[in-house]
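Protein sequences appear in the order of chains A and B.
The opening residue of the first sequence carries number 300 in the working numbering; numbering runs sequentially from there.
The opening residue of the second sequence carries number 5 in the working numbering; numbering runs sequentially from there.
Derived by calculation from the structure, the hints in this document are not laboratory data.
Note that beta-carbon positions come from the ideal geometry of N, C-alpha and C, so glycine has one too.
Errors might be hidden in some of the hints.
[Stated by the list, open to error] Computed spacing ranges between beta-carbons, pair by pair:
#1 A:I431 with B:Q10: 53 to 59 Å
#2 B:Q23 with A:G446: 33 to 39 Å
#3 A:A606 with B:D113: 24 to 30 Å
#4 B:E29 with A:Q336: 44 to 50 Å
#5 B:G124 with A:G446: 41 to 47 Å
#6 A:K546 with B:V161: 19 to 25 Å
#7 B:Q23 with A:T590: 32 to 38 Å
#8 B:Q116 with A:K546: 49 to 55 Å
#9 B:Q23 with A:P312: 27 to 33 Å
#10 A:P367 with B:Q88: 45 to 51 Å
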Amino acid sequence: MQVQVLSARFDIPDANKIDVAKQHGAYATLEKVFAMQPEEIIELVKASGLRGRGGAGFPTGLKWSFLPKNVDKPVYLAVNSDESEPATFKDRYILVRDPHTLIEGIIICCYAIKSHAAYIYIRGEYTTQVKILQAAIDEAYAAGYLGETVDGHEYKLDVTVHRGAGAYVCGEETALLESIEGKKGQPRSKPPFPAVEGLYGCPTIINNVQSIASLPFILTNGADAYKAFGTEKSPGTHLFGISGLVKKPGMYELPLGLPLLEVIEKVAGGMRDGRTLKGVIPGGSSTPVLTPEEAQTVTLDYESMAAHKTMFGSGGIVVLDDTVDMVKLVENLIYFYHHESCGQCTPCREGLGWMLKIVRKIIRGEGVKADIDLLTELCDNIEMKTVCVLSAACTMSTRSYLNKFRHEFEAYVAGGASAQAAM
Amino acid sequence: MSDRSQLIETGKPFTFDAQRDAEFERLVKRYPTRESMILPSLWLVQEQEGWISAEAMAYIADRIGTFPSMVYEAATFYTMYNLQPKGKLHICVCRTLSCYLLGKQEIVDYLQQELGIKPGEVSADGQFSLEEVECLGHCGTAPVVQVNGEFYEDMNVAKLKELLATLK
Numbered sequence: 300m301q302v303q304v305l306s307a308r309f310d311i312p313d314a315n316k317i318d319v320a321k322q323h324g325a326y327a328t329l330e331k332v333f334a335m336q337p338e339e340i341i342e343l344v345k346a347s348g349l350r351g352r353g354g355a356g357f358p359t360g361l362k363w364s365f366l367p368k369n370v371d372k373p374v375y376l377a378v379n380s381d382e383s384e385p386a387t388f389k390d391r392y393i394l395v396r397d398p399h400t401l402i403e404g405i406i407i408c409c410y411a412i413k414s415h416a417a418y419i420y421i422r423g424e425y426t427t428q429v430k431i432l433q434a435a436i437d438e439a440y441a442a443g444y445l446g447e448t449v450d451g452h453e454y455k456l457d458v459t460v461h462r463g464a465g466a467y468v469c470g471e472e473t474a475l476l477e478s479i480e481g482k483k484g485q486p487r488s489k490p491p492f493p494a495v496e497g498l499y500g501c502p503t504i505i506n507n508v509q510s511i512a513s514l515p516f517i518l519t520n521g522a523d524a525y526k527a528f529g530t531e532k533s534p535g536t537h538l539f540g541i542s543g544l545v546k547k548p549g550m551y552e553l554p555l556g557l558p559l560l561e562v563i564e565k566v567a568g569g570m571r572d573g574r575t576l577k578g579v580i581p582g583g584s585s586t587p588v589l590t591p592e593e594a595q596t597v598t599l600d601y602e603s604m605a606a607h608k609t610m611f612g613s614g615g616i617v618v619l620d621d622t623v624d625m626v627k628l629v630e631n632l633i634y635f636y637h638h639e640s641c642g643q644c645t646p647c648r649e650g651l652g653w654m655l656k657i658v659r660k661i662i663r664g665e666g667v668k669a670d671i672d673l674l675t676e677l678c679d680n681i682e683m684k685t686v687c688v689l690s691a692a693c694t695m696s697t698r699s700y701l702n703k704f705r706h707e708f709e710a711y712v713a714g715g716a717s718a719q720a721a722m
Numbered sequence: 005m006s007d008r009s010q011l012i013e014t015g016k017p018f019t020f021d022a023q024r025d026a027e028f029e030r031l032v033k034r035y036p037t038r039e040s041m042i043l044p045s046l047w048l049v050q051e052q053e054g055w056i057s058a059e060a061m062a063y064i065a066d067r068i069g070t071f072p073s074m075v076y077e078a079a080t081f082y083t084m085y086n087l088q089p090k091g092k093l094h095i096c097v098c099r100t101l102s103c104y105l106l107g108k109q110e111i112v113d114y115l116q117q118e119l120g121i122k123p124g125e126v127s128a129d130g131q132f133s134l135e136e137v138e139c140l141g142h143c144g145t146a147p148v149v150q151v152n153g154e155f156y157e158d159m160n161v162a163k164l165k166e167l168l169a170t171l172k
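The task is simple: from the sequences and hints, build the whole structure.
So this is what it looks like as structure tokens:
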């Protein structure tokens with residue numbers, strides 16, 4: 300089931316070094332790129348159907364076309380390498396195993412959107428990864444792929460790594476821009492959208508690492524070659540991160556559209572210790588959980604996930620078995636989002652704290668039935684009442700556990716502390 | 005959100021060493037505004053000293069030519085900036101989702117017992133500090149522990165014992 304499109308060079312030793320990467324095709328597509336008009340590249344990327352791989356799945360080429368025409372301001376590219384959504388660990392492989400495909404993708408994107416400065420915003424926790432990435436960028440400068448000219452073409456391009464410092468919210472694109480500008484990572488109100496007014500008030504495109512790293516293949520092989528993978532509306536391949544209670548967790552590149560359960564069974568080795576499936580978080584911690592029954596009909600693409608009232612998200616799949624206490628799992632997730640709230644909007648800053656207190660009260664065995672309803676009510680009152688979707692990431696996921704595993708919350712309430720002690 | 009409002013004064017002025025000075029000058033050319041150097045500068049201080057003092061923040065503000073409050077705001081907002089000295093071995097245990105499912109608590113319990121400190125604390129001899137941190141992006145090899153920035157994957161108590169013995 301696995302394919303090697305994005306990950307073609309992942310298993311080659313030292314492919315993070317420019318000489319090895321070049322032997323295996325890195326930067327080879329640039330000649331073709333610079334022979335094209337920027338608009339032609341945008342059309343090609345549109346035709347490939349590539350969708351943003353950060354989580355939202357917005358068509359990449361379409362995003363680029365929102366840039367205003369003929370502006371006299373600089374255009375910026377910000378590459379989102381914040382990768383902080385729990386269960387997401389895919390972009391890291393690109394940074395470490397094949398950073399030159401990312402750099403080549405950045406060159407392609409910048410040429411297409413007429414940008415001369417790109418910033419890679421990498422999460423601060425990626426300490427060893429940032430060194431490998433920076434070394435690759437230094438190599439690209441030395442080899443003439445970045446700097447005053449690009450591969451001998453009259454095109455100036457600087458790529459700068461900007462390190463975050465432990466704020467999940469900076470994966471939100473406007474918080475990311477604030478952070479590059481030296482401020483607290485607090486999301487901006489939209490509009491204006493970054494394509495019109497982004498970094499330093501200038502038109503800015505923000506793309507995920509994997510989206511950018513998909514470009515060299517598309518430019519080399521064409522839109523149809525990319526569309527040969529995946530489904531009609533969700534073309535291409537994705538680096539899926541499968542974690543949790545499976546035999547073979549890990550990062551696997553798969554075409555979109557495969558049946559979820561088959562992937563868990565055949566790719567990730569199935570359940571551990573002969574356990575049975577209790578639920579699947581399909582695309583990162585914020586995506587609503589699927590029951591085993593729902594999981595039976597889900598395929599790994601944007602449309603199927605939406606039809607099952609959840610999201611494809613970042614492709615970070617977490618497999619839960621019958622040993623998992625869903626109430627405690629929800630506590631773990633609410634704690635995360637509460638901790639990561641930037642503090643700007645009251646419903647998020649205060650509301651997620653209230654949710655945490657209530658779920659902890661339930662776990663202590665001090666909860667009453669009305670507390671379960673209160674949690675739902677809080678979700679309703681927090682969601683969509685904030686500048687960004689961080690709070691919604693918490694409420695959407697929490698609500699799915701409240702709805703689908705309500706009996707577990709009720710068992711805590713019914714049993715009180717004594718039942719909890721016996722568990 | 006966590007309370008990170010306390011600054012520590014060393015009573016000594018701060019300056020970048022030659023290596024950090026050169027890195028500052030290299031990076032400042034990459035940004036159209038000098039304020040963009042706030043986060044990179046805080047990292048440079050932390051690389052040099054291990055933590056960020058009140059004097060270092062004042063130095064950064066002065067060097068960039070911005071308000072000290074801007075630097076203070078960033079330093080206190082971003083949780084990876086150490087506002088006090090950490091242990092010689094700074095141990096971070098991921099507490100989120102996949103690491104939670106695969107036994108991070110056993111690791112935290114063991115470390116608390118072994119080191120005699122709770123998450124957020126530094127041992128009296130300054131050798132160790134312990135922190136529980138949010139998702140480190142290594143969910144496929146959970147649970148994961150980071151020691152002085154190095155990742156140790158697929159951890160368990162036995163492996164941790166070995167690791168501590170080699171690092172001590």
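Check your understanding: Can you give the numbers of the hints that this structure goes against, from lowest to highest?
Key -> 1, 2, 3, 4, 7 and 8
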